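Generate coordinates for the entire structure from the input sequences, incorporating the hints supplied.
Sequential numbering of the sequence shown, starting at 2, is according to the numbering used here.
A hint or two may mislead.
[Claimed, not checked] Calculated lysine-lysine pairs in the DSS-like style (CA-CA distance at most 30 Å, straight line):
1. Lys70 to Lys191
2. Lys152 to Lys191
3. Lys208 to Lys70
4. Lys208 to Lys198
5. Lys208 to Lys191
[Claimed, not checked] Between beta-carbon pairs, the in silico distance windows are:
6. Gly117 to Arg262: 21 to 31 Å
7. Val233 to Ser182: 16 to 26 Å
8. Ser182 to Lys208: 18 to 28 Å
9. Gly252 to Asn143: 42 to 52 Å
10. Ala253 to Phe83: 23 to 33 Å
11. Lys198 to Asp234: 25 to 35 Å
12. Lys198 to Phe83: 42 to 52 Å
13. Asp116 to Phe83: 25 to 35 Å
14. Ala51 to Ala253: 16 to 26 Å
15. Leu228 to Pro249: 29 to 39 Å
16. Ala253 to Arg131: 30 to 40 Å
Just so you know, the hints here were simulated from the structure itself, not pulled from any lab data. Here the structure is a predicted model, which means the values were calculated and not measured. Think of the CB as a built atom: it goes at the ideal place given N, C-alpha and C, for glycine as much as any other residue.
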Amino acid sequence: MASVKSLVHGARSALMPARMVVGRLKLLSPLPRRFSGAYASHAQALSSPAAGRLAGYDHDEIAEVSFEKMCQVMVWDYPVLFWLERLLPQIGCLVDAGGHMGTKFRAFRPLLPLDGGVNWIVYDLPAIVRAGRVQAARDGLNGLTFTDDLKTVEGADLFLASGLLQYLDVPLSDLLRRLPSLPRHLIINKLAVREGKTVVTLERIGKAMVPYQIRNRQDFMAELAGLGYRVVDSWSIPSLSHVIDTHPELGASQSMGLYLRLD
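Rendered as structure tokens:
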């Protein structure tokens, strides 16, 4: 049995250089790739020639990319809905960090008592905030507000980060400390992690190439524990696992969600 395992391991090891070569050749291909490159930091990814003219997310040109799709409830949203339904009676103010143009508010509104019951504040980049305010006014969504400055948000009870952390260029602990006080409840969804070192790749979103961070799982959990947060619940999202096309040897990322409480 041991010899069979050794043969399998040896075969996989022999194939790895070939996979690496094929992956690197994709960097030269004119065909679009979902993920490309592997960098040590967000800044290094942004400065890469592969990032192109529209590097990063803060551009008016990409504010409405996939907007309609993001306003739909997806299968990975249900753990978030589960906890929001239970926590809403305790919440006066919810910060939806990286909430785009209020996509989660729009998606969850038919399923949760959001109108008038909670102050839902979307925090995002200036270009997204501008577009979000216009769209919310057009749609008459009075319970939805926007900001690009967390220092102005008083009394946040819950911090929601669904799909944000891949694109965040600072540690989450730094972002949370921008609030006047730490929120008691923290819900994170679609968090990309791996067991190896943190790596940043470039994701194609519309015409832009956006840094996409895959964090070391243990380091991230230790960061939140250092703020005093305790994990209440966690879940995995296998369908959102990704392999960097140009660096397959790094393996697939894991996608997960967390509900944490500050006790």
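### Task
Below or equal to 30 Å on CA atoms is what counts here, so check Lys208 against Lys70.
Holds. Lys208 to Lys70 sits at ~17 Å (cutoff 30 Å).
### Message
Please verify whether Lys70 and Lys191 have alpha carbons no more than 30 Å apart.
### Response
Status holds; Cα separation ~16 Å.
### Task
Indicate whether the distance between the beta carbons of Ala253 and Phe83 respects the range 23 to 33 Å.
For Ala253 and Phe83 the Cβ distance comes to about 26 Å; the hint holds.
### Message
Taking the Cβ atom of Lys198 and the Cβ atom of Asp234, is their distance within the range 25 to 35 Å?
### Response
27 Å Cβ-Cβ, so the 25 to 35 Å window holds.
### Query
Has the hinted range 16 to 26 Å been met by the Cβ atoms of Ala51 and Ala253?
The hint (16 to 26 Å, Cβ to Cβ) holds, given that Ala51 and Ala253 are roughly 21 Å apart.
### Query
Are Gly117 and Arg262 spaced within 21 to 31 Å by their CB atoms?
Since Gly117 and Arg262 have Cβ atoms about 26 Å apart, the given range 21 to 31 Å holds.
### 30 to 40 Å as the expected CB spacing between Arg131 and Ala253, which holds or is violated
holds, 36 Å
### Task
Could you say whether the range 16 to 26 Å given as a hint is met by the Cβ separation of Val233 and Ser182?
holds, 20 Å
### Verdict for Leu228, Pro249 (Cβ pair) under range 29 to 39 Å
Cβ of Leu228 to Cβ of Pro249: about 35 Å, so the range 29 to 39 Å holds.
### Message
For a C-alpha distance cap of 30 Å, please report whether Lys208 and Lys191 respect it.
### Response
Measuring from Cα to Cα gives roughly 23 Å; hence the hint holds.
### Message
Between the alpha carbons of Lys208 and Lys198, is the straight-line distance 30 Å or under?
### Response
Measuring from Cα to Cα gives roughly 29 Å; hence the hint holds.
### Message
Just to be careful, I want the Cα atoms of Lys152 and Lys191 compared with a cutoff of 30 Å; is the pair within it?
### Response
holds, 25 Å
The structure fails to meet hints 8, 12 and 13 from the earlier list, while all remaining hints are met.
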